[in-house]
Amino acid sequence: MFDVTAIRKDFPILSRKVNGRQLVYLDNAATSQKPQQVIDCIVDYYSSYNANIHRGVHALSQEATDVYEASRKKIQTHFGIAKPHEVIFTSGTTHGINIVANGFASILSTGDEIIVSQLEHHSNIVPWQMLCKTTGAILRVIPMNQEGGLDMDAYQELLCSKTKLVFVNHISNTLGTINPIEFMTQKAHQVGAAILIDGAQSCSHIKPDLAVLDCDFYVTSAHKMCGPTGVGMLYGKEAWLEKLPPFQGGGEMIDQVTFEQTTYAGLPHKFEAGTPNVCGGIAFGAAIDYLNAIGFDAIAKHEEALLDYATKKLLAIDGLKIYGTTKEKTSVISFNIEGIHPYDIGTIVDKLGVAVRTGQHCTQPIMDFFNISGTVRASFAFYNTIEEIDIFVAAVERAKMMLS
Amino acid sequence: MTIKAIQEELIEEFAMFDDWMQRYEYMIDLGKSLPLIDKQNKTDDRVIKGCQSKVWLDAELKGDKMVFSADSDAIITKGIIAILIRTFNNQTPSAILNSNTDFIDQIGLKEHLSATRANGLTSMIKKLKLYATAYQAKLNS
Chain A
1 MFDVTAIRKD FPILSRKVNG RQLVYLDNAA TSQKPQQVID CIVDYYSSYN ANIHRGVHAL
61 SQEATDVYEA SRKKIQTHFG IAKPHEVIFT SGTTHGINIV ANGFASILST GDEIIVSQLE
121 HHSNIVPWQM LCKTTGAILR VIPMNQEGGL DMDAYQELLC SKTKLVFVNH ISNTLGTINP
181 IEFMTQKAHQ VGAAILIDGA QSCSHIKPDL AVLDCDFYVT SAHKMCGPTG VGMLYGKEAW
241 LEKLPPFQGG GEMIDQVTFE QTTYAGLPHK FEAGTPNVCG GIAFGAAIDY LNAIGFDAIA
301 KHEEALLDYA TKKLLAIDGL KIYGTTKEKT SVISFNIEGI HPYDIGTIVD KLGVAVRTGQ
361 HCTQPIMDFF NISGTVRASF AFYNTIEEID IFVAAVERAK MMLS
Chain B
1 MTIKAIQEEL IEEFAMFDDW MQRYEYMIDL GKSLPLIDKQ NKTDDRVIKG CQSKVWLDAE
61 LKGDKMVFSA DSDAIITKGI IAILIRTFNN QTPSAILNSN TDFIDQIGLK EHLSATRANG
121 LTSMIKKLKL YATAYQAKLN S
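As they're listed, the protein sequences go chains A and B.
Residue 1 is where the first sequence starts when you use my numbering, and the numbers rise one by one after that.
Residue 1 is where the second sequence starts when you use my numbering, and the numbers rise one by one after that.
These are calculated hints, taken from the structure and not from any lab test.
Treat the hints with care, as some may be off.
[Unchecked claim] Subject to a maximum C-alpha distance of 16 Å in a straight line, what follows is the list of computed EDC-like cross-link-like pairs (lysine to aspartate or glutamate): (1) A:LYS321 <-> A:GLU338; (2) A:LYS400 <-> B:GLU25; (3) A:LYS400 <-> B:ASP29; (4) A:LYS74 <-> A:ASP209; (5) A:LYS327 <-> A:ASP308; (6) B:LYS110 <-> A:ASP350; (7) A:LYS313 <-> A:ASP390; (8) A:LYS207 <-> A:ASP297; (9) A:LYS327 <-> A:GLU147.
[As the list claims (entries may be wrong)] Computed far set for chain B versus chain A, every beta-carbon distance over 10 Å: (10) ALA15; (11) ASP38; (12) ASN119.
Cβ atoms here follow ideal geometry from the backbone N, Cα and C, with glycine treated the same way.
Looking at chain A on its own, in the form it has when it is part of the complex (with noise of 0.2 Å):
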């Protein structure tokens, strides 16, 4: 039984005050907050088994990596992963990208394609821009629509023989959009190109079935689905993993080391030189096992709730504009008010309690599109209250009776 009373009480956090007034915190697309179990998880380790993992002969070291070890099972299970060794820690979403991107350098020539989609986040567009112009590839891009989704007939004229690696958002940041993925890997598999998702948005509130996906590489943070900041999943398919050359050197990685020739290590390990956030990768198990207790599909459902009320609460005010409104669509509202900046509107909320985000998020490219500086961006967890849209929203109206 979903009970968001019961929910909250797992979140410390949630119960403080900002500003003198109680928090209301709709920035959960940024980072979403800790349950007492991962903080408890956090504080265990390091009071308990804090030791370097994978080479220590002694008690404590076995321990920690057991569990590091565990994790990483947690993980591929979670997300319907073949093989234990297929997931790579990282340090989150950014890290895994650019271990991809690293590795394609070895793979493209002059002339080979990338597609990438207009709604990517700038994290998402410069790894690839800087492996074209090592490379001499060309990058395609997957216009967006009006209602924030992408031209999936576009999408289909860009594949091509020539096409080498797609890369797309799971789930859009800015507007919340649910892009076709299963579709969109099928197409890249027809014309025998890789296809990379970032799930960087969408692990909190779908539980992806790669097993069932079949895309080629899958990244994703712990931080956005109530594990601690710097450390993140790469999924990536044996084969491709095998093909790529490592992205850094250092400990942990190698085979066999001599001032001639180092061999590398097998995988996983060849992709996570030095000694890793152990804590981190043990904390992101404790993560994983908290959503599934609670279940996604009460997730989903709760957060869809969410969603339609506020987007109903907030179409109600006179010159509010919504971004992203494709059907499928996660509980994110990116949202201006005419002639009023987004940035005014956020500082004021603030001042009321209410914390969101302002500003292009990281997405020029669909502010261009929209031709708008930035919007406000209200992003909602399964831990939100209908009563805390109601607060937000009071406080959206406030701001716009102080500054219109």
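Go by the hints and put chain B onto chain A.
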């Protein structure tokens, strides 16, 4: 009035309000009295970087006093720049260069601004003082 006296006046005005919502309302009002920059002067060299919102600032010398004009696409930012201009308008470049902006901390403005806006405020002060430096050099030559 000296810069110091105007700053004291502002501190007193802001102290009259009980909470920050009222202070913001007052800041928005002050923004409405901002001497606006001419449209044709809204050029890139007059833009202040470091704000999520855009700010244009211009200055000219009338006699030995400086006269500022500005604009912003965000209304609270307009209020912030209006506060700064009120303290520095019709002052000599040397008075501006010898003044400090401690009054901002005394109003409590900086701690109530987001980090990006606080950066923007610092950039505004820099630009104001840059104009004063340039006109001081002109007066000396």
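Numbered hints the structure breaks, given as an ascending list: Violated hints: none; all satisfied.
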